[in-house]
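A.B. asks: Here's the letter readout for the chains.
2 protein chains.
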Amino acid sequence: MNIPDCPLPTQPTDCITLAHGGGGRMTNRLIESIFYPAFANQWLEQAHDGATLPMPHSRLAFTTDSFVVSPLFFPGGNIGDLAVNGTVNDLLCCGATPLYLSAAFILEEGLPLDTLRQVVQAMREAATRAGVSIVTGDTKVVEHGKCDGLYINTSGIGLVPGNIEIGLHRVQKGDAVIVTGPIGNHGVSILSTREGLNFETTIESDTAALTHIVSNLLAGVPDVHMLRDPTRGGLSSTLNEIAEGAGVTITLDEQSLPIEPPVRAACDLLGLDPLYVANEGILLIFLPDEHAEQALHIIRNDPHGKGARLIGHVTDDRRPEVLLELALGQTRVLDMLSGEQLPRIC
Amino acid sequence: MNIPDCPLPTQPTDCITLAHGGGGRMTNRLIESIFYPAFANQWLEQAHDGATLPMPHSRLAFTTDSFVVSPLFFPGGNIGDLAVNGTVNDLLCCGATPLYLSAAFILEEGLPLDTLRQVVQAMREAATRAGVSIVTGDTKVVEHGKCDGLYINTSGIGLVPGNIEIGLHRVQKGDAVIVTGPIGNHGVSILSTREGLNFETTIESDTAALTHIVSNLLAGVPDVHMLRDPTRGGLSSTLNEIAEGAGVTITLDEQSLPIEPPVRAACDLLGLDPLYVANEGILLIFLPDEHAEQALHIIRNDPHGKGARLIGHVTDDRRPEVLLELALGQTRVLDMLSGEQLPRIC
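Chain order of the listed sequences is L and G. When we follow this note's numbering, the leftmost residue of the first sequence carries the number 3, and every step to the right adds one. When we follow this note's numbering, the leftmost residue of the second sequence carries the number 3, and every step to the right adds one.
Incorrect hints may appear among the rest.
Just so you know, same-sequence chains aren't split out, so a pair can sit in one copy or run between any two.
What the hints assert, rightly or not - Below, a list of computed lysine to aspartate or glutamate pairs in the DMTMM-like style, where the Cα atoms sit at most 25 angstroms apart:
id, residue 1, residue 2
1, K148, E47
2, K308, E47
3, K175, D291
4, K148, E202
5, K308, E295
6, K148, E110
7, K308, E292
8, K175, D337
9, K175, D304
10, K148, D270
11, K148, D116
12, K148, E323
13, K175, E110
14, K308, D116
15, K148, D16
16, K148, E197
17, K308, D225
Hints in this document: simulated from the structure, not taken from any laboratory.
Let's have the full structure, built from the sequences with the hints guiding it.
C.D. replies: Below, the structure is given as C-alpha cells:
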C-alpha cells in the first residue's frame with residue numbers, strides 16, 4: 003500500500019504542475035501519456051471534448067467538465083453559469099441537442115450558504131436559457147483548506163441527429179474557419195478581477211450557451227465539419243489541436259481576428275497574447291467554404307454571434323500546423339500554448 | 003459583483019459544515035433547501051442516486067459522483083477503483099446496464115505523476131471488471147493547498163431495459179429487505195488507515211462493482227422493487243431515505259445484520275455504530291417476500307454476495323420510519339445520521 007504525500011514539486015517532471023492544467027501542450031502530454039493509454043477505446047480516441055456514443059436507435063453525446071475558476075464571481079458571470087454553459091457548449095460541439103446535465107459539488111467547509119445559493123441560482127437560469135434539465139447530482143464537503151470555496155463538475159448528455167457528423171475526420175482542405183465572436187474576453191475578465199485591475203471599460207466574460215447559434219446553423223447550412231469552443235489555451239491551442247488531430251494546415255488572417263479594443267489594450271498591459279487567452283462563449287466552426295457566407299449570416303442574427311468573422315481556411319492537408327498571415331504579408335507559425343498562461347480560468 | 007471569502011464557520015447555520023457532506027440529515031436538508039428548489043424537474047425528483055431518463059426508443063440512467071476520499075490509498079482499494087465502482091453501482095441501482103463513464107480529475111499542483119498513474123491504472127482495471135468504457139474526461143489543476151492530492155468525478159450512463167421498473171414508488175408493505183454482504187467494512191477501513199490504527203486483522207474496504215449480482219438478480223427473479231447502495235451515512239441513513247421517500251415502515255432484525263467480528267470490534271473501539279458506517283460494495287434490495295429465497299440463492303452464488311442476508315421487511319405503509327428489533331424483543335427507532343460521522347469516506 004502506498005500513501006503518497008503531495009509535496010511542492012521538487013522534481014517538476016515527476017509531479018503535476020499548473021502547466022498540466024493550462025490547456026496547452028503539457029495538458030495534452032498528460033492526457034496522452036496517462037489517460038489515453040489507460041482508458042483506451044474508440045470513443046475516447048475521438049479526442050473531442052465529448053464522446054458520441056452509439057445507443058439503440060440513436061447516438062448520444064456525453065461530456066464532462068470540472069470548474070475550478072478563481073474568483074468564483076467575475077464580471078459577466080460566476081462559476082455556476084460557467085459550469086452549465088461550458089458543458090452545454092461541449093455537447094453542441096458534438097453536434098448534439100443538449101438535454102440533461104448532472105451537477106456535482108465539492109464544497110469547502112466554511113463556504114457561506116448564501117454564496118452557494120447565488121451559484122445554484124445562476125446554474126438554474128443558465129440551464130433554463132440553454133434548454134437543459136439538471137437531473138442528477140452529488141455533494142461532497144471537504145475540510146477548510148482542501149478546496150477553494152467550491153468546485154463544480156457538470157456532465158452532460160445530448161442526442162445527435164442522424165444526419166449530423168461532426169469531428170476531426172471531417173476537417174478538410176478548403177474548409178472555411180469561422181469564429182462566432184471576439185476573442186479573449188473571458189480570460190481577461192478573470193485575470194483583471196483576480197488582480198484587482200480596473201480598466202476604463204469593465205471587460206466582461208463572454209460565458210454563454212450557444213444553443214441557438216448551433217441549432218440554427220445546423221438547420222440552415224447543408225454541412226458543418228467541425229465545431230469546437232476555444233477555452234483553455236485559447237484560439238491558438240484549440241486550432242493546433244484540430245490541425246494535429248486532422249493532419250491539416252490552418253491559415254489565419256491576422257487582420258480578420260475579432261479582438262475588442264479594451265481586450266487588446268488589457269492584453270498589452272498584462273503581457274498576454276489574446277490568441278492564447280481562454281474564451282467561454284464563442285465557437286470555432288469549420289465548414290465548406292461555399293457555405294461560409296450563409297453561415298455568417300445565420301450566426302450574426304443571434305445576439306451572441308454579432309461579432310462572427312471568417313478568420314481563415316484549411317489551406318493544406320500535408321502538414322499539421324497553424325499559420326498566421328500578418329498584416330504586412332509575412333507568415334508566422336502559431337504554436338500550442340506551452341505551459342500555463344492563466345491558471346483556474348474555468 | 004460579490005466576491006465572497008470562505009472563512010471558517012463563525013455562524014454555523016449560514017455556512018457549509020462537514021456535516022453537510024455526511025450523507026445524513028444535514029446533507030438531505032442542503033439538497034432539499036438549495037438544490038431541489040433551484041433545479042426542480044421530474045427526474046431530479048426521483049430522489050434516486052441517478053436519474054432514469056426518457057430517450058427515443060429507450061430509457062437512460064445517468065448519475066454523477068465526486069470522490070474526495072482521504073487517504074487516496076487504503077486496504078482493498080484506492081480513490082480510482084472507488085470512483086469507478088461507485089458510479090457503476092449507482093447505475094445498477096437504477097436497474098440499468100452500465101455502459102459509459104466519464105472521468106474528470108482535479109489535480110493538486112505537486113501531485114506525483116506516479117500516484118496519478120496508479121490511480122488511473124486502478125480505474126482502468128475496475129472499468130474492465132465492470133464492463134464499462136471511460137469515454138470522455140477532463141483535467142483541471144489547482145494550486146498547492148487548494149485540493150488534497152486529487153479529486154475525481156465520474157458520471158455514468160446506462161440503459162434501462164424496458165421491463166425493469168425500480169424506484170421508491172415500487173417499495174411496498176410486505177417487501178423483503180436483503181443486504182448483499184457485511185456492513186461497515188469500507189468506513190472502518192478508511193478510518194483505521196487514516197488514524198494509523200492496526201488491528202489484528204486488516205479490515206479491507208468492500209469497494210466493488212456489483213454488476214454480476216444485479217444482472218443475475220434481474221434475470222433470475224420476476225420482480226425487484228428497489229436497489230440502493232448504502233454508502234455515506236451507512237445502512238441506517240439509506241433505509242431512512244427509502245422509508246421517507248416511499249412512506250413506509252422498515253423493520254430490521256438486529257440478529258440478522260451481517261457484521262464481521264473485526265468490524266464490530268473496531269467499531270466498539272472507535273465508538274462507531276456500524277449501522278451508520280459507509281459501505282462501497284454492498285446493495286440493499288427490496289423485492290416481494292416470496293422471491294427472497296430465490297434472490298438470496300442467486301446473490302450468494304457471486305463472490306461479492308456470499309454474505310448476503312435477509313435483514314428485514316417493509317412492515318407498514320402508514321408511517322415513514324426504520325425500526326430495529328433487538329435480540330430481546332424490544333424495538334428501537336433507527337434515525338438518519340445527524341451530522342457527519344466520518345468525513346471524506348468516498
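A.B. asks: The structure should be examined with respect to each hint, and the outcome stated for every one.
C.D. replies: A quick look at each hint next to the structure:
no., hint, result
1, K148 / E47, "neither (33 angstroms within a copy, 31 angstroms between copies)"
2, K308 / E47, "neither (34 angstroms within a copy, 39 angstroms between copies)"
3, K175 / D291, "within (10 angstroms within a copy, 66 angstroms between copies)"
4, K148 / E202, "neither (36 angstroms within a copy, 32 angstroms between copies)"
5, K308 / E295, "within (14 angstroms within a copy, 67 angstroms between copies)"
6, K148 / E110, "both (7 angstroms within a copy, 10 angstroms between copies)"
7, K308 / E292, "within (21 angstroms within a copy, 66 angstroms between copies)"
8, K175 / D337, "within (20 angstroms within a copy, 66 angstroms between copies)"
9, K175 / D304, "neither (28 angstroms within a copy, 56 angstroms between copies)"
10, K148 / D270, "neither (35 angstroms within a copy, 30 angstroms between copies)"
11, K148 / D116, "both (20 angstroms within a copy, 21 angstroms between copies)"
12, K148 / E323, "neither (40 angstroms within a copy, 36 angstroms between copies)"
13, K175 / E110, "neither (49 angstroms within a copy, 41 angstroms between copies)"
14, K308 / D116, "neither (35 angstroms within a copy, 47 angstroms between copies)"
15, K148 / D16, "both (22 angstroms within a copy, 20 angstroms between copies)"
16, K148 / E197, "both (23 angstroms within a copy, 18 angstroms between copies)"
17, K308 / D225, "within (21 angstroms within a copy, 56 angstroms between copies)"
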